[in-house]
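Chains as they are written, first to last, in my numbering: chain Y, 16 to 521; chain L, 16 to 521.
Hints are computed from structural coordinates only; laboratory data are not their basis. A virtual CB, placed ideally from N, CA and C, is assigned to each residue, including glycine.
Restraint ranges, calculated between C-beta atoms of paired labels, are given here:
#1 L:G109 x Y:G501: 39 to 49 Å
#2 Y:E128 x L:G161: 50 to 60 Å
#3 L:L66 x Y:P414: 38 to 48 Å
2 protein chains.
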Amino acid sequence: MGCFNQVSSVLLLSWLLVLLLCTEESLSRKPPLLRSIPRGRYGRTHRHPSLSPSTLQDFQTFYYDQTLDHFNYRPESYTTFRQKYVVNSKYWNGPNNSSPIFVYVAGEWDLTEGDYTSIVADIAPQYQALMVYIEHRYYGESIPFGSREEAYRNASNFGYLSIGQALADLAEIITYLRKNYSAEHCPVILFGGSYAGVLASWFRLKYPHIARGAWASSAPILDFSDIRPRDEYDTIVTNDFREASENCYNTIKKSWAIIDKIGSHPKGLEYLSQKFKTCSRLNTSKDLKDFLFGTFEDAAQYDAPPDYPVSTICNAIDGLPPGTESLTRIFAGINATFSLDCYNTTPDSDASLKMDPWTWQVCTEYMVSTGLSTNVTMFPRNYRRYIGADQCMSLFGIPKRPHWLVTEFGGKDIKLILKRFGSNIIFSNGLRDPLSVGGVLENISDSIVAIKSTQGSHCLDMDLMSPNDPDWLVSQKKKILSVIKGWIKEYHADLGISGLDLRLEI
Amino acid sequence: MGCFNQVSSVLLLSWLLVLLLCTEESLSRKPPLLRSIPRGRYGRTHRHPSLSPSTLQDFQTFYYDQTLDHFNYRPESYTTFRQKYVVNSKYWNGPNNSSPIFVYVAGEWDLTEGDYTSIVADIAPQYQALMVYIEHRYYGESIPFGSREEAYRNASNFGYLSIGQALADLAEIITYLRKNYSAEHCPVILFGGSYAGVLASWFRLKYPHIARGAWASSAPILDFSDIRPRDEYDTIVTNDFREASENCYNTIKKSWAIIDKIGSHPKGLEYLSQKFKTCSRLNTSKDLKDFLFGTFEDAAQYDAPPDYPVSTICNAIDGLPPGTESLTRIFAGINATFSLDCYNTTPDSDASLKMDPWTWQVCTEYMVSTGLSTNVTMFPRNYRRYIGADQCMSLFGIPKRPHWLVTEFGGKDIKLILKRFGSNIIFSNGLRDPLSVGGVLENISDSIVAIKSTQGSHCLDMDLMSPNDPDWLVSQKKKILSVIKGWIKEYHADLGISGLDLRLEI
Chain Y
16 MGCFNQVSSV LLLSWLLVLL LCTEESLSRK PPLLRSIPRG RYGRTHRHPS
66 LSPSTLQDFQ TFYYDQTLDH FNYRPESYTT FRQKYVVNSK YWNGPNNSSP
116 IFVYVAGEWD LTEGDYTSIV ADIAPQYQAL MVYIEHRYYG ESIPFGSREE
166 AYRNASNFGY LSIGQALADL AEIITYLRKN YSAEHCPVIL FGGSYAGVLA
216 SWFRLKYPHI ARGAWASSAP ILDFSDIRPR DEYDTIVTND FREASENCYN
266 TIKKSWAIID KIGSHPKGLE YLSQKFKTCS RLNTSKDLKD FLFGTFEDAA
316 QYDAPPDYPV STICNAIDGL PPGTESLTRI FAGINATFSL DCYNTTPDSD
366 ASLKMDPWTW QVCTEYMVST GLSTNVTMFP RNYRRYIGAD QCMSLFGIPK
416 RPHWLVTEFG GKDIKLILKR FGSNIIFSNG LRDPLSVGGV LENISDSIVA
466 IKSTQGSHCL DMDLMSPNDP DWLVSQKKKI LSVIKGWIKE YHADLGISGL
516 DLRLEI
Chain L
16 MGCFNQVSSV LLLSWLLVLL LCTEESLSRK PPLLRSIPRG RYGRTHRHPS
66 LSPSTLQDFQ TFYYDQTLDH FNYRPESYTT FRQKYVVNSK YWNGPNNSSP
116 IFVYVAGEWD LTEGDYTSIV ADIAPQYQAL MVYIEHRYYG ESIPFGSREE
166 AYRNASNFGY LSIGQALADL AEIITYLRKN YSAEHCPVIL FGGSYAGVLA
216 SWFRLKYPHI ARGAWASSAP ILDFSDIRPR DEYDTIVTND FREASENCYN
266 TIKKSWAIID KIGSHPKGLE YLSQKFKTCS RLNTSKDLKD FLFGTFEDAA
316 QYDAPPDYPV STICNAIDGL PPGTESLTRI FAGINATFSL DCYNTTPDSD
366 ASLKMDPWTW QVCTEYMVST GLSTNVTMFP RNYRRYIGAD QCMSLFGIPK
416 RPHWLVTEFG GKDIKLILKR FGSNIIFSNG LRDPLSVGGV LENISDSIVA
466 IKSTQGSHCL DMDLMSPNDP DWLVSQKKKI LSVIKGWIKE YHADLGISGL
516 DLRLEI
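Chain Y extracted, bound-state conformation (with noise of 0.2 Å):
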C-alpha cells in the first residue's frame, strides 16, 4: 500500500527494473509482490526525486532515540533505537507566529528523498510551516536491535512492530520537537496516504494534544472484516476496466479459464512461460495468474493521469485484429505498460516474506477485509490471494489477533461515534482507487469531512502540485486545503493571536 505517487507507464517501467535489477538482500527486505496478498495494495512505486542538491540541503536528517515499547515497563522496554527523521525549516516563521508544523508520516516503506516531493512541500512555503518528515519503526534506517538481521530475525525481535507503537513513536517525536522547538503553541498537521493515512487519522483520534488536525489520503481505515464483511476491492478493479472498454473486461474476465486449461496441459506451463514471457519457467499457472491479477490492480489503484494505465492496458487488448487470441491480447496490454525483456512471476520465498515488515504487520493486526464478495468482477470467483492464518503461523510461529485493530482504534459505527467525537480529520478518496472501498467516503461532521472524486486514484491528491493536474484535481486539492488552513486559523482565534495571513493559492 503506497502512495504519492502519479503512475505513469514509465514510473512503473522504472519501478519494475529497479525491481528486476534488486539484489536478493533489498528484495527480501520489501517484497513488492507479496504472496497471497494483492500487491497493489502493499506494493509501492517510487516517483524519481528530482530536487536539486541546494533544495536537498534544506532537509536534514535527524535521529531520535525512541523507546522501544511505550506500553509496557520490563526492563527490556527501555531499550532504545535511531528513528529517522527529517526537518526543513527553511520557511518555517518560528514559534512567536504560532507558525505551524507539518508532519509528513511515513507508511511501510523507507523515508527518501522521494517522500520530499509531495504537497507538504508545496504548501509549506505559503503556510511558513516547519517541515517533518518521519520514517515507521521496522523501516528504512529506523530499525531496532542494530539490523535488520536482528530485527526481523524472530517473533521475540518482531513482535514490538505494531501500530499502536508507531503512534506513539509520532507522539514522542513530535512531542520532543514541540518542546525543542518552543513550538508548544505551533499547530501540528499531519499528513499521511494509504496506510500512513489510516497513521495519521488514528493518530489525531489518539493523541488530539498532539496534532490538529490530520489529512488521510486513500486511508481505508474501515476495510477490516470486523467492520466490512466483504471484500469489494476487485469491484472497483472490475468497474475501472469496464468503463475503459467492455471488450477488454470480457477478454480479462475469460483469460483465466484458458490460462487454467493451457496450464493443466503436458508442456502447457512452458507454453505460457514463452507466451507471457516470464524470466524464468512457470512452475504453476497460478504464479501467472497471480502476476496478471496484481498487474491489473495496480492499474486501477494508480490509474492516474496523464497516462492511465487501465486505458494503456485495455487500448492494447482492444487494438490487436479480430481473431488475435485472448491470451496475446493479454500479454499485449501487459507489454504495452511495462515492455520488458521479460517478466518475473516468480513468487517471494518463505524465507524472504519471513523478513518482512510489512507480511508481519499483516499477519499480527493489520488484517484487511478478506471476506468474499457476492459480485460478479474480472476476476475467477472466490480465488482467495490472502495471506491465511496457517501461513502466518508458519512463517513467524504466532496467531492473528483479528479483532484488536477494531477494538483499538473503532470503525464500526463511525458516523454514530465520531458525529459526536472528534473534529479536524480530512479522508480523501479517489473513486478509481479500489482501496477507496475501505474510506470514509461521507461527512461525518462539520470538521471530519470527506473529500472525494469520481476520477481520483491512490493518493493522486498528495501528488506534487503539477500544471498538467486536471481541474478536478486542482479543485479537490484546493478544497483540502482550505479546510487545513481553516484548522490553523481556529487555533490562532483560540489562542487569541491574529495568526498569518494565509492566502490559497495553488
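We have chain Y; now place chain L onto it with these hints.
Showing chain L alone in chain Y's frame:
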C-alpha cells in the same frame, strides 16, 4: 487513592483495626502506608458492604481470559490471565431497547462486594441498566502469572502493569460483553472515582467507540509535574483545617518543631512513643511525623458528613483546657478519630513495597506533581515525602519514565485542546478534597463539564445515596445524573429510537 467511601470516624476505626489485624502477607500486598508517598492519596478505606444475600446473588462473578500485552506481538504477549468482572443484569431492559450499560471501573484495589454499593447500584433500576464491575489488572484476583508471588517477583513480570494496558483490558472486556449480550447499540457509560476516575475519563478519550460517556469523580488528571509544576495538595489540607479552626491549624503547625526537638533528645523517642501510644517504639521522629501527616491528609481528603473528621480532630485539639501542651492536644485529635489501644507508625519495609502494585505504578509512570509549593501550609516546609527515583531504582531496578503519561494522555492546555475535541465527560470534584487541585474544575465545552461543590470531599458524590445527604450533595448528584441522562437520550435519538422514559428521581 480511593473512592466510594464516606469516611466516618467509625469507618476509620474499623479500617485501622483491619490493618492492625492483618497478616504480614496481606499487608505487603497493599500497604496503605506507602513510605514517602502521602498515604491519603493512595490509601483506601472500605465501606462495609451491607447487601443482603438475595441481593448479592444478582451480582455474578466472571473471569475474562485477558491478553497480557495488547501493544506488542511478542510470543509472551499472547499469554492470558483471568481478569475478574462482575455483572448484574437484574434491571437491564435488554438490547432491543438499547438500554444502557454502566461500567464501574475499579482502581488500585481488590474488587469486592463493597464496590457494589455505589451510586451505580442506586440508579441502575431507573435507567434499566446493565451493571458491570471490572477489576484492574494486578489487583485482587486479576493477577497474571498465576500468583502474586510470580506477578510481583520482578520488573519483567510486573512490567505489564501500566495504564495503557489497563485501559486496553477494559476495551477488550466491554467489547466482548457488548457482543455477547447483543448489546452493540447499548450506550456504555463509565463510572470511576479517584485513580479509577482518571482511567474512566482517559478511556472515553481513547476509546470513544466503546464508551459513550464517562463520569470521573475526584479524578486528578492534571496532577502531573509536566502540567502543574507545583504541588498544592497540602495547601488544601491546610485550608480545610484552618477553616475548621484557626487555633487547631496553629497547634498543628507548631507541633512539628516540638516533635523534632523532643525527638533529638536522649529518650525523646521513648517519650514520643508513649505520648502517641505507638504500637512499637519509634525509631525516628520522622515516622511519627509521617503518621500524623498522613492522618491529617486523610481527614481532609475524606472530610465527609456526617462526622467530618477534620472537625472531629480540631474539636478535640481545641477542647482541652487552656495551658494544655501542644502534643497532648495533637494526640487528643488523633485519638478522637480512631480511639485505638495503640497506633501503628512503622513504615512499610522495602520488602513489602517491592510487592506492592501501586508502588510499581508510582515508580514507573504514575508520578503526581512533586514540585514544592511556595504556599505556607501547616506542614513543615520542604518536607518531601514522595517516593524518589533512587528508591524506585533500588526497589525495582528500572528508571522512571517521567513524561510518558502526559505524552500519552495530554492535559497541558486542556481547554485549548478539548474544547475542539471529544465529548461526554463529567469531571466532578469536592473542593475540600486536596486532590481537587489536580482536577478539572471549569467546563471545557458543552459536553465536557466540571461539576463541583465547595463542601464536597473525595469521591463523596459516588457513594450510595442516603437520606442524610446534605442538600448540596443531593444537588450535585442530580446535576451529574441529569447530564448522563442527556447522553443516553441523545444516543437513542441518534439511533432513531425513542429510548426509555428516564425520569430523574433521586
